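Each chain sits in its own coordinate frame; assemble them with the hints.
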Amino acid sequence: MSEHKGIGDSGRTLKQMLEDNKRLYEETGCYAGVTDPHVLKNDPVKAELFHSRLVSALISGRETTKKVSGSPFVREVAELCVGFYTPEGDCIAQSTGIQVHIRCMGDVIQWMIEHNYEEEVGIDDGDIFSCNDPVIAGVHAADVYDCMPIYWEGELIGWVSTVIMEMDSGAVTPGCMPVPNVERATDGLKFCAEKIGFNNKLRRDYEIKIEISLGLADLFLLDRKGAVAADIRVREEVKNVIREFGLDFFKQATRELIEEERRNQYKRIRQRTIPGRYRDVVPCEIYMADQPVAWLPGKKDMIRLVPMQMDILPSGNIVLDFEGTGEWGWHPFNATPSGLWGGISIAVVQTLSYDGRGNLGSLLPFDLKPPVDSLLNPTEVKHLATSTPWLPLVDMCSLWLGMLGSAFYLRGFREEIYNYRSGSTLQMAGYDQYGNKRPMMAGGLGHLGAGARGVCDGIDAGGWIGTLEVDLGADEVWELFVPEMEMGKQLDPYSLGYGKYRAGLSLPKITMIHGAGLCVAAGLVGCAHDRLIPNIGMFGGYPGSKRTTFLLRYENLAERMEKREPLFLHGMDHPAEFIDRFPGEVIPLSHMPAPMEVRNGDVVFSDNGSAGGLGDPIERDLALQKADLDNGLANEEISRNVYCIAANYDEKTKEWTIDEAETKKLREEKRKERLSRGVPVEEYWRKIRQRVLEKDLDPLLTEMYQSSMKLSEVFTQEFKDFWTLSEDFNF
Amino acid sequence: MEHSKEDLKDLYDGNLRWEKVKEIMSQPKDNDRFDKYIEILQERVPWSEKILLPLNEHLHVVQKDGERIVKCDCGQEFGDYRRNWKLSALIYARDDRQKLEEIYPGVKCPDPDLGEIREYYCPGCGSMLKVESVPIGYPVIFEFLPDIDSFYRDWLGRPLPDEKEYKDLSQEVIKEWATKV
Numbered sequence: 026m027s028e029h030k031g032i033g034d035s036g037r038t039l040k041q042m043l044e045d046n047k048r049l050y051e052e053t054g055c056y057a058g059v060t061d062p063h064v065l066k067n068d069p070v071k072a073e074l075f076h077s078r079l080v081s082a083l084i085s086g087r088e089t090t091k092k093v094s095g096s097p098f099v100r101e102v103a104e105l106c107v108g109f110y111t112p113e114g115d116c117i118a119q120s121t122g123i124q125v126h127i128r129c130m131g132d133v134i135q136w137m138i139e140h141n142y143e144e145e146v147g148i149d150d151g152d153i154f155s156c157n158d159p160v161i162a163g164v165h166a167a168d169v170y171d172c173m174p175i176y177w178e179g180e181l182i183g184w185v186s187t188v189i190m191e192m193d194s195g196a197v198t199p200g201c202m203p204v205p206n207v208e209r210a211t212d213g214l215k216f217c218a219e220k221i222g223f224n225n226k227l228r229r230d231y232e233i234k235i236e237i238s239l240g241l242a243d244l245f246l247l248d249r250k251g252a253v254a255a256d257i258r259v260r261e262e263v264k265n266v267i268r269e270f271g272l273d274f275f276k277q278a279t280r281e282l283i284e285e286e287r288r289n290q291y292k293r294i295r296q297r298t299i300p301g302r303y304r305d306v307v308p309c310e311i312y313m314a315d316q317p318v319a320w321l322p323g324k325k326d327m328i329r330l331v332p333m334q335m336d337i338l339p340s341g342n343i344v345l346d347f348e349g350t351g352e353w354g355w356h357p358f359n360a361t362p363s364g365l366w367g368g369i370s371i372a373v374v375q376t377l378s379y380d381g382r383g384n385l386g387s388l389l390p391f392d393l394k395p396p397v398d399s400l401l402n403p404t405e406v407k408h409l410a411t412s413t414p415w416l417p418l419v420d421m422c423s424l425w426l427g428m429l430g431s432a433f434y435l436r437g438f439r440e441e442i443y444n445y446r447s448g449s450t451l452q453m454a455g456y457d458q459y460g461n462k463r464p465m466m467a468g469g470l471g472h473l474g475a476g477a478r479g480v481c482d483g484i485d486a487g488g489w490i491g492t493l494e495v496d497l498g499a500d501e502v503w504e505l506f507v508p509e510m511e512m513g514k515q516l517d518p519y520s521l522g523y524g525k526y527r528a529g530l531s532l533p534k535i536t537m538i539h540g541a542g543l544c545v546a547a548g549l550v551g552c553a554h555d556r557l558i559p560n561i562g563m564f565g566g567y568p569g570s571k572r573t574t575f576l577l578r579y580e581n582l583a584e585r586m587e588k589r590e591p592l593f594l595h596g597m598d599h600p601a602e603f604i605d606r607f608p609g610e611v612i613p614l615s616h617m618p619a620p621m622e623v624r625n626g627d628v629v630f631s632d633n634g635s636a637g638g639l640g641d642p643i644e645r646d647l648a649l650q651k652a653d654l655d656n657g658l659a660n661e662e663i664s665r666n667v668y669c670i671a672a673n674y675d676e677k678t679k680e681w682t683i684d685e686a687e688t689k690k691l692r693e694e695k696r697k698e699r700l701s702r703g704v705p706v707e708e709y710w711r712k713i714r715q716r717v718l719e720k721d722l723d724p725l726l727t728e729m730y731q732s733s734m735k736l737s738e739v740f741t742q743e744f745k746d747f748w749t750l751s752e753d754f755n756f
Numbered sequence: 293m294e295h296s297k298e299d300l301k302d303l304y305d306g307n308l309r310w311e312k313v314k315e316i317m318s319q320p321k322d323n324d325r326f327d328k329y330i331e332i333l334q335e336r337v338p339w340s341e342k343i344l345l346p347l348n349e350h351l352h353v354v355q356k357d358g359e360r361i362v363k364c365d366c367g368q369e370f371g372d373y374r375r376n377w378k379l380s381a382l383i384y385a386r387d388d389r390q391k392l393e394e395i396y397p398g399v400k401c402p403d404p405d406l407g408e409i410r411e412y413y414c415p416g417c418g419s420m421l422k423v424e425s426v427p428i429g430y431p432v433i434f435e436f437l438p439d440i441d442s443f444y445r446d447w448l449g450r451p452l453p454d455e456k457e458y459k460d461l462s463q464e465v466i467k468e469w470a471t472k473v
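For the record, the sequence lines run as chains R and X. Numbering follows the working numbering, in which position 308 of the first sequence is assigned residue number 333; successive positions increment by one, without gaps. Numbering follows the working numbering, in which position 15 of the second sequence is assigned residue number 307; successive positions increment by one, without gaps.
Chain X extracted, bound-state conformation (with noise of 0.2 Å):
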């Protein structure tokens, strides 16, 4: 079952009647959606870069000049997707009682002794990216590092030109900021 790309551009923007949402979640898949949701995504950035995957609702992994890149679509860059997105965000972390209840109040706010909620912003737009709830002291998480190559030869049918290693970079960018200490 395919579905037409103003359906599905109205499906993404929460425009689709739910009779209509409801049967697109009932119905077989269509074996289509990934090709258009790229022609969609694609459509909507005001940039030229060919967005290979998208990471969450305004970051993607783009071609640019034989590397893979994270970008916003404002534009921003934020290095090799293999490498922890978050690392070249701004954060903001709400790790005392004050800030905590801005967001939950009196009896709703978690205990800063223990935990803090970090949110990333895009340095470009200042999007909020990601909101993070964890123990203080556990490492930023990557959440996601995509075995693109693998994708697209072995599940698209369609190899993509320089394959990358499938492996985590984000080392490279934590040593950096050691030699600074």
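Here chain R stands alone, though its shape is the one from the complex (with noise of 0.2 Å):
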């Protein structure tokens, strides 16, 4: 025994405390033992001041940040995020902002304590801990914690961290997100927990390692002194609580926050939703074979399925199981279940628990299931490349968001239902218009359309997984900072998910590069899907179309500029014109493509696909569509063919008008059409089996299915179930 004398409460070590605190979670089911939670009970006016008190520090001190940070990611996007833990790395209380992290930064000191930082490295009142590192907690390593303990006369009382993502992060070419790496070396500076300051300062020989390692070390720092500036703005803030409520108030009060949200969530997800079992699945695109990686392993094309069950128990426990998920690989797109846990964190804030008392009791009620050495549960984590988890997440999180707005649809409780879409771009590095080499990762993929809701259409660029604020600042701002210049907005009409209710319209991005030296793109992925779309419309709903992106090249853009001749590039328009449409070589890349020299006057055009409709389309309000068409939003090409509206455009009034009798025999005659091409599922079976029977399928499908079997015996027999293959059956 270490006759160390602890830290914490009552002379106990941290290690101590964050073992009685399981403990006494497994012995009673109940937060940290609190059984009979009172004090906030007792007396609400108080409990309400306690926690307001607590949320306002973490929100000031996120908008501390903003005032001293020079990253636009921070300053327009508000990519960062407080929270407040207890000594075991329990989170109390959160900021809004990228409140993925907020379990993953207390994933962090919990690390920190189980390996003995309070003897062997010391944690002292002042002290910074900087953490990048997925191999401990977190999603990638763009993503930087910065945490600090809270102590008060004498005894660590919490913890406070500062989740910042950053547009560089010294890693390989492009250098914040980089595809063409699929090795930890390459994934650039990795922090390992380690302590990067005392006395409330950055340590000066951190600072030059910063100075002489990052292209964009300025805007690191300076993001390490606004996410300290937001540590103590909030542990000075929660001294004063305590000196107006009393230690021993506030250390009951915040476990029984915590209790509190647990129990609230429970309640939540009985009253909201239906028990059973839930299914979807995600394919990953995974293509490397083309990507400049040394290890050569790395250089292969794969699909990997993550399949997804989610079981609502009786007991009101949710429980995600990935059963069948495909093989890990050498690519920087493995998740880790601490990242799991960060898209469950963010997915939670937007449905369940957005009243503003999130914290670790939101996550309780919750089990996840990651099957090893899956794509999700890597054991070779510590060897790979974690720059780029967003594949498999952000569509998982995008489908578990589905599947939650359908319990609460059964429910009755359809105004719930909301979901988003994944998406895509080019990032770049090179040589920026001030002459300097640097990553350039400007902030937008372009706006995604959010799902349809279960009572209207879905928000027009208004879905991303990141944060609850859809709002990518000003372009004049990002215009500053990476050498590109926004072209044109239009919102297109052909990126939704149709449905009875639509999703909403996606917003390409359309920039074209201005000013920069030596250049070099590659793809900046957040989505899972290029060649196939994800499954994602609800109840006869479509699915949002299929991402897109373009590298645009003209064939005399001075000559054009002179001559004052068109640009075209207000939008997509006609998807099916838009190649032969464009003055010059349209050169379509995938959603990772391999690094290619790219040159002034080269046009980026992402357009991603939206989320999912809901409902059979030929059920749309007719009131809506006019809406629609009168809005530029929608045209007479998919009222008719999708809609089976017809509408025809006044050109004195200027305004669309419904032939309501033409539309009710356009959709007498859908219906009739369905039933007339529509076979029985028997028929499809038969067909579909004698393809697999005769390995008739791509060979990345057919790699990709090997891959699930290999891991599932679960997984393969329900295929061979479905299909009634042999036993011995294999692709």
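What the hints contain is simulated information worked out from the structure, not anything from laboratory work. As the structure is a computational prediction, the values presented were derived from the model and not from experiment. C-beta: ideal position from N, C-alpha, C; glycine also. Don't take every hint at face value.
Said to hold, decoys possible - Stretch-level coverage of chain R by chain X, calculated; a stretch enters the list once three of its residues show a Cβ under 8 Å from a Cβ in chain X:
1) 294–300
2) 550–558
3) 600–614
4) 641–650
5) 702–708
6) 742–756
Unchecked claim - Dumping the calculated DSSO-like pairs for lysine-lysine here, alpha-carbon to alpha-carbon at most 27 Å:
7) X:391 - R:689
8) X:459 - R:292
9) R:745 - X:321
10) X:328 - R:712
11) X:459 - R:745
12) R:71 - R:264
13) R:712 - X:391
14) X:312 - R:651
15) R:720 - X:301
16) R:71 - X:301
17) R:292 - X:456
18) X:467 - R:697
19) X:328 - R:292
20) R:292 - X:467
21) R:651 - X:459
22) R:695 - X:391
23) X:378 - R:745
Now the structure itself:
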């Protein structure tokens, strides 16, 4: 036994406190053994004041960071978040922002505790610890966590931690979320919960390391200072709260906040959902064969299945099981269980725990089961690059929100349905407009349309996983940071998922490279799909369209501009005519193109599909469609072909009119057409079964099924049962 | 906070003004929602079997002669609710470029070599009940198997008569098909 006197409660070490907390939870089923939460209940006004003070401190800390930081990711997009934790690393309260990281930052604190930082590294008042290593916890290396302990009269009574996404983490080109990156070493700088400062200041040798390692060292260091400013602001306000409310109240109330939220989360689940088994699947397209990587096993194209099963149990627990997920691989797209929790954290605060009281208690009813050695739980993680686990995570979370939305729908809470779409574009590295060589990642993938709600259309350009505040900031500011100009903004009527209620429209990213020196572009990946589209339509609604990225290269840009001829860059217009319409070369790119040289005057055009529609499109309300037509959000072709609505444009009134009689006829004909062309599923089953038996599938698909079968007997058996294949069948 | 049935009908039909929708979203959820929901759904179907649970815009799990089956608004029946209703539907697979481009023209079209869009229709009324986008060869997804008895017994506190085993019975359908292979 160590004789070390602990820095925690009653002279216990943090390790002892963590063990005690876990034991009490296992014994009582209540957080920290709080079976009788009473201090908050006994004085609700005091309780509300107490919680508000904590949340206000966190939001105020976040705002402070935005004033200190120089990065547009912080100042414009607000890709940051601040969390307040118990001594054991359990989240008590969180600010707004990228709440993905709230549980992950707690995981880092627990990792430090478990690795005996208290005795071997030292945890003192004013210390600053930094971590961006998903091997410990977190999602990817671009997200840096800066955390500080909070002491009161010599006792550690909590932690505060701030996360900021960095534009430069020192990775291999293009530098931030690189795809040609299959090994840990090319992932960039990693800080493994290192003590980067003390006495409330960054260490000078740490600053020097950043200055000589990163192209964007100034921004990186300003972000650290901004994070430390937030941490200190929260820390001092927590001390004020203790002065005002008393230490005993503070200790009990912070634990009760977590237990109260745990209980409320169970109540919400039992009030708003239906118990049962929900299923869906995400196929993840990973194209690495052409990537310039040194570790040759990484040069391989593959698709990996991520089947998802959500079991809502009678107890109110929710189990997310990923049985059947394909194998991990040598690429930067493997996720970790901590990253999965990150995805669930941000999804939960958008669906169930949106009253500002989200904390660890919001997550306690959940259990995740990512199969060992799968894409979601690689044991080789120590050697792997971890720059872009968003590939499976964004789509996985978007489909999970769809499943949860179904549960709300079945219970009658249709207004709670919400989901979003993933996306991708290009990022660059090279010499910027000021002559500096550095990564050049702009803020936007283009804005993505949110999924249809259960009671209305989805929000145009309004659906993104990272934060509830879908705002990419001012283009003019981004143009100062990245050598490119925003060329056009037009919502794309062909992007959306059609349905009785449609998804929101997406807004393409259209930027011209301008003022750059030698410049290389590569994929910025936030989605699992390229040649496929995700299974994101609900109850008869279609999924949004396939994502697209093009590099557009004019034949004679200077001359065209001199003559003031159109640049054809306002938007996509008709997708079947897009390539022919552009006066120059159109280079279609996958969601992860290999690095390529790009030049001034080239245009990056990314038009991501939006999320899914809900309900049969031929049941769409005519007034809704007329409004879309009048607002330029739909056209006659879509109205007639998809919605079976006959619409005519009146040149005099400049409005669309709907021909109701013709519409009725079109819709009746569509139903007849469906009954005529639809075949019994049994017939379809025989046809596809034959193809499976003959292995008449694209090699990417046979390898995909093989990979899932290799890891999962359950998946294998279900697959064989469904297609009635022999026991010895294999792809 | 409870809401009137009229407001809920308008909410579901998309006829409620946004300010009221927002109010319903933001307020604490109403505990009687499910009962009112079922009442509204029941009033809207032309048949008399008791709705136990909706499954989507047109399908419901209903009580019929001691059994629980899936039934469409139009009266079409899909069999035991523990069998994937899709197996009793009509299907239209958009599995080539021409069929896909009707919905996703030009550069928006997914690759038919890898995936397909499966449209499931009700054989009775031709309503499109689900659109499924999956890799070719992926089994038909059984999206939702409800644990109805636990729901009524443990969550609503009023157990249903004739409890059924909570079990996926879809394989019975497949086995029957296989006998004809």
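Here is how each hint holds up against the structure:
1. 294–300: It holds: at least three residues are needed, and the stretch 294–300 of chain R offers 5 whose Cβ sits within less than 8 Å of chain X.
2. 550–558: holds (count 3)
3. 600–614: With 6 residues in contact (Cβ-Cβ under 8 Å with chain X), the coverage given for the stretch 600–614 of chain R holds.
4. 641–650: It holds: at least three residues are needed, and the stretch 641–650 of chain R offers 6 whose Cβ sits within less than 8 Å of chain X.
5. 702–708: Holds: 6 residues of the stretch 702–708 of chain R have a Cβ under 8 Å from chain X.
6. 742–756: Coverage by chain X holds for the stretch 742–756 of chain R (6 residues, Cβ < 8 Å).
7. X:391 - R:689: Since the Cα atoms of residue 391 of chain X and residue 689 of chain R sit roughly 24 Å apart, the hinted pair holds (cutoff 27 Å).
8. X:459 - R:292: Holds, at roughly 26 Å.
9. R:745 - X:321: The hint is violated at about 43 Å.
10. X:328 - R:712: Violated - the C-alpha atoms of residue 712 of chain R and residue 328 of chain X are around 44 Å apart, more than 27 Å.
11. X:459 - R:745: holds, 19 Å
12. R:71 - R:264: holds, 17 Å
13. R:712 - X:391: Roughly 18 Å between the alpha carbons, so the hint for residue 712 of chain R and residue 391 of chain X holds.
14. X:312 - R:651: holds, 23 Å
15. R:720 - X:301: Measuring from Cα to Cα gives roughly 50 Å; hence the hint is violated.
16. R:71 - X:301: violated, 40 Å
17. R:292 - X:456: Since the Cα atoms of residue 292 of chain R and residue 456 of chain X sit roughly 26 Å apart, the hinted pair holds (cutoff 27 Å).
18. X:467 - R:697: This hinted pair is violated, its Cα atoms lying about 31 Å apart.
19. X:328 - R:292: At roughly 20 Å apart (the allowed maximum being 27 Å), residue 292 of chain R and residue 328 of chain X satisfy the hint.
20. R:292 - X:467: With a Cα-Cα distance of about 40 Å, the restraint between residue 292 of chain R and residue 467 of chain X is violated, given a limit of 27 Å.
21. R:651 - X:459: With Cα atoms ~46 Å apart, residue 651 of chain R and residue 459 of chain X exceed 27 Å; violated.
22. R:695 - X:391: Given that 27 Å is the threshold and the Cα spacing comes to 15 Å, the pair holds.
23. X:378 - R:745: holds, 19 Å
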